[in-house]
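Protein chains in written order, with our numbering: chain A, 3 to 334; chain B, 1341 to 1641.
If you are wondering where the hints come from, they were derived from the structure by calculation, not from laboratory data. Ideal placement from N, C-alpha and C gives every residue a C-beta, glycine not left out. Hints are supplied without guarantee of correctness; some may be wrong.
[As the list claims (entries may be wrong)] Residues from chain B that face chain A, not an exhaustive set, calculated with beta carbons under 7 angstroms: (1) Tyr1461; (2) Glu1463; (3) Glu1482; (4) Ala1487; (5) Gly1490; (6) Leu1514; (7) Met1542; (8) Leu1547; (9) Phe1552; (10) Asp1636; (11) Val1639.
[Unchecked claim] Straight-line C-alpha distance at most 20 angstroms; calculated EDC-like pairs for lysine to aspartate or glutamate: (12) Lys331(A) <-> Asp1529(B); (13) Lys1448(B) <-> Asp195(A); (14) Lys1550(B) <-> Glu248(A); (15) Lys1419(B) <-> Glu153(A); (16) Lys1423(B) <-> Glu153(A); (17) Lys1423(B) <-> Glu160(A); (18) Lys1448(B) <-> Asp106(A); (19) Lys329(A) <-> Asp1529(B); (20) Lys1485(B) <-> Asp195(A); (21) Lys331(A) <-> Glu1421(B); (22) Lys1419(B) <-> Glu160(A); (23) Lys78(A) <-> Glu1493(B).
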Amino acid sequence: MRKPELICPAGTPAALRSAVDAGADAVYCGYQNATNARNFTGLNFTPAEMEQSIAYAHDHGAKVLITLNTFPPSGKVALWKQAVDLSAQLGADACIVADISVADYICRMYPDLRIHLSVQAAASSPEAIDFYVREFGVKRVVLPRIMTVSEIGGLVAEIPCEVETFIFGNHGLMVEGRCSLSCYVTGQSTNMDGACSPAANVSYQSAPDGTLSTRLGGYTIDRFGANETAGYPTICKGRYLTDSREGGYYAFEEPVSLNAATVLPELIAAGVHAFKIEGRQRSRAYVKKVVSTFRSAVDAIVAGKEPVLADLVALTEGQKQTEGALKTKTWR
Amino acid sequence: MDAQLTLGPNLFHWAPERKLDFYRRIADESPVGTVYLGEVVCSKRTPFFDDRHLEEVAERLTRAGKQVVYSSLAEVVIKRERKLLMEWSQQQGRDLEVNNTAALLHLKDRPHRIGALLNVYNEDTMAYLAGRGATHFSLLAELPKPAVAGLAEAARGLGVGVEVQVFGRASLALSARCYHARAHGRIKDSCQFVCGEDDDGMVLSTLDEKPFLAVNGIQTLSYGYLEMMAEMHEMRDMGVSHFRVMPHSCDMIEVTKAFDDVLQGRIEAAEGAARLGALGIAAPFVNGFYHGVPGDTLVPA
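All chains, full assembly: derive it from the sequences and hints.
Written out as structure tokens, the structure reads:
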């Protein structure tokens, strides 16, 4: 039985140290600009912080994977190339990339630097993955969150690179890397600017009866009663009206979090090489809790023991969770 | 070469007879030079029209002097879709437009087009793909003007075509889930082709009743229709060689004629826009992506 690596998020150097201390095999993080898909104020690493963080991780036997998982628009390619140069110079263990030009640049300039194909590249078939492996020597693919365990198992057997799957955190069904919803409303592109639903475009409106509307740009994304917990307005998690339905409904997906805890044994048996925990925007305490819980769970399963996962529910968004696409395809 | 008007792939699940009529009229009356055919959105739809009528439609369009291009599926996950895409890629002697990376594997060193649903954001990616056989690029709807200009300039240097959508709802997102089926309490496997009930997509409005998006099976489109008549000449000067009009249920003969009249300089963009305005399209016209502001905006000419 192969023991999958645990790949953990870090939005700050402090979170990176917490993740490493809690047992992460690798931490993923990005720079403070549009080269990564969590380009939010107060998050991410300066070059000096990245250098120190890589040293800390390596001293403790963990790897650092740098997220360059956005798409440089024409005229701005140099910023992404500089981020590649810096990552290679700092000794990053891999770059997680989505754009063909970024993958090509790494492949030509730094043949020894591992390329991991980001979920933003939306490679959801053996043929699409094979394209990136053949063209750029991609070593690992991060799978879209839309596949069942048996589909993942089939894929592992069929493709010539390692497979990484999400096991915890944000859950959405829009194909990542192929979504302009936020740009339609805010003018900021998830792919080019690295931000979906940027905070500057979010507003909250209270009505006299105590209901709270969450808004993005000029649109109401959801509405909550006085006793409900309001979620962050993300278009694909909102409630809308349509002719065939009575009242508002979650047209795309309910605001639930992915928690693959119960299917970890099957995923390990399927031969997955790495498990990814989402949440670079989350606190250091969250990272510590989630990473240490999954660390002991994976270790227990591989040792043939019963894993303990009780505390994870409390950490999920809106307290509701799902096994996502993993168990069945009836959600499609 | 003069800039040319094209008709993009029909994204909607119209009844076969209606699609047949639609393409007959396009063949006989529309000034478009190129017509893209083929199911892009949902593999379940192909038995209705593509498998039965595509050849006949392509022949009719070709006889009318139109260039026919075959567009591929955009989302390819399950075995059936992979098989469909593989067979599609192996068609010989046809002009193929790729909307999923998987097809690139099969088409290495064979001429092909890159569709507007593949991520080509910069000149390096364009040059890379041109180096392995791409001859024509349809650009993503969300690209702002400086990126369109940069890509058009690169395309000129590479000797490849570059195409921009100037009319119709913009494709904003793709999913593995069918949102049409979901709205009707079904799933993709039991959808009963409910997407066929909405000619231009199923409108989603916000809880305060502001129309927002249009669902088309696994695809989410903008509620607003892109309308870029006023920008066409500027884009042509940048090097954009083709302008794409997307099929909708409104009078597409009049739409394509109006765009062609503007493109050929026979009328001003304002007059063209007035003709579009008279077609009774309920949704607003938008052009914000190109102008670097929210896509749902209409920036006046």
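(Q) Taking the earlier hints as the rules, which of them does this structure contradict? (A) Violated hints (numbers, rising): 11 and 13; every other hint is consistent with the structure.
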